[in-house]
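Novice: Just so you know, we're using the numbering used here here: the sequence shown kicks off at 1 and counts up by one.
Keep in mind that the hints were calculated from the coordinates and are not lab data. No residue lacks a Cβ here, since even glycine has one placed at the ideal position from N, Cα and C. Heads up, some of the hints might be wrong.
[What the hints assert, rightly or not] For lysine-lysine, the following DSSO-like pairs were computed, each having C-alpha atoms within a straight-line distance of at most 30 Å:
hint, residue 1, residue 2
1, K221, K238
2, K157, K132
3, K48, K31
[As the list claims (entries may be wrong)] Restraint ranges, calculated between C-beta atoms of paired labels, are given here:
hint, residue 1, residue 2, range
4, T336, K31, 27 to 35 Å
5, G51, N191, 41 to 49 Å
6, S115, E245, 53 to 61 Å
7, N7, E180, 47 to 55 Å
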Amino acid sequence: MKAKMDNKKIFWIAGENSGDLHASIVLKELKEQFNNIQNFGIGSEKMKSHGFKAIYPFERFSVMGFIEVVKHLAFFAKVEKSIKHIFRNDPPDLVILVDYPGLNMRVAKMAKKFSIPVLYFIVPQFWAWKYKRIFKLQKYTDHIAYILPFEGNHFSKHNINASFVGHPISEEIKVNLSREEFATKNDLDPNKRWLGFLPGSRDTELKKMLPEYIATINLFKKDDHEFLISQASSVSSKLFNELIEGTDKKIKILKDMNYEMMKHCNLLVVTSGTATIETAFLGTPFIIVYKTSNISYQIGKRFIKIDKIGLPNIVIEKDIVPELIQDDVNGKNIHTKITDILNDENKYNNISNELRALHDILGSKTTSTEVTEIIRKMLDE
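Hey, can you work out the whole structure from these sequences and the hints?
Specialist: The following block contains the structure:
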């Protein structure tokens with residue numbers, strides 16, 4: 001029997017595809033456990049499938065990098081004004097913020113001003129850059145649900161109310177087809193090596209990464225590989241199609257992030273971001289690449305305090321997965337990394353073994369039930 005929450009209202013902000021996915025598993029659990037909770041705010045299709053009411057077009061929030069964000073300042077100012085109006089005139093019982101620090105840190109402060117409790121689920125990576133954000137988290141949040149184990153030390157040090165809830169990917173990733181079934185469905189030769197490419201979920205990433213991936217594919221001369229590219233639903237199909245025109249190779253395009261592709265490929269090339277953890281969780285050896293505008297990169301270099309960009313390498317605190325960043329990102333270098341791993345069985349197996357250890361660390365708890373219990377306690381207070 002479902003418990004009643006007496007028409008409680010929760011305002012959510014999940015401004016990226018990954019946040020939409022992570023929030024959706026919690027919304028699903030909330031819906032199964034409780035009646036009469038109104039969930040609304042900023043989110044997309046996966047959240048909406050569980051009764052969430054979105055108040056803004058999600059696509060406008062998918063921006064990245066200093067320059068790209070500056071171009072959208074007027075839009076974000078309008079959003080914040082609207083949120084302030086809601087908080088003042090029809091305040092929710094709880095605000096849940098999912099990653100997306102640029103907007104969410106300001107909204108946390110706003111909620112605190114109106115005495116609305118704040119749960120931050122998946123905090124910004126303050127340990128990589130802008131460490132001072134931890135003091136804002138301390139001041140403006142009531143509870144933090146964190147997904148990377150090492151973050152707990154930082155919260156304990158600053159007496160922040162926080163709980164490790166496991167990583168949501170352990171619930172989100174579903175592989176329904178065997179390699180043979182996947183090969184049949186997508187007309188792939190099971191005797192060839194399969195190389196998968198994930199160019200990112202934003203148009204800005206696509207413009208930077210997809211041409212380099214096509215250049216990499218063009219360097220393979222023998223007909224002994226299958227090439228697969230994931231096309232996220234959030235990117236422009238027109239732009240995607242324009243960018244893959246630079247090759248006559250047979251390429252299989254898979255719409256959206258296809259976990260079967262990530263699981264069954266022999267090796268993946270992944271644009272840095274949430275997909276790196278998803279790939280690591282599935283255990284497939286991969287290469288992390290990242291390239292942004294030169295201005296954004298130079299500004300970022302001044303603030304970033306760590307020498308790794310891939311979350312798998314950061315969590316394990318060693319170089320498990322090769323990384324290529326900015327000027328090192330080109331077809332030749334990516335091709336070299338791919339062949340180095342595929343032609344060295346020991347190197348390939350070592351990466352696989354390290355990724356299995358990461359899986360055990362991140363999948364130790366059921367995130368949706370952990371976060372739902374925190375929400376229940378906060379709404380009962």
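Novice: Going straight from one Cα to the other, do K157 and K132 come out at no more than 30 Å?
Specialist: Holds. K157 to K132 sits at ~14 Å (cutoff 30 Å).
Novice: Please verify whether K221 and K238 have alpha carbons no more than 30 Å apart.
Specialist: Roughly 28 Å between the alpha carbons, so the hint for K221 and K238 holds.
Novice: Could you say whether the range 47 to 55 Å given as a hint is met by the Cβ separation of N7 and E180?
Specialist: holds (50 Å)
Novice: How does the Cβ-Cβ distance of T336 and K31 compare with 27 to 35 Å: does it lie in that range?
Specialist: Because 48 Å falls outside the window, the suggested range is violated.
Novice: Would the hint linking K48 and K31 be met if the CA-CA limit is 30 Å?
Specialist: Since the Cα atoms of K48 and K31 sit roughly 12 Å apart, the hinted pair holds (cutoff 30 Å).
Novice: With respect to the beta-carbon atoms only, verify the hint that S115 and E245 lie 53 to 61 Å apart.
Specialist: holds (55 Å)
Novice: With 41 to 49 Å as the target window, see if G51 and N191 comply at their CB atoms.
Specialist: For N191 against G51, whose Cβ atoms are near 46 Å apart, the range 41 to 49 Å holds.
Of the hints listed earlier, the one the structure fails to meet is number 4.
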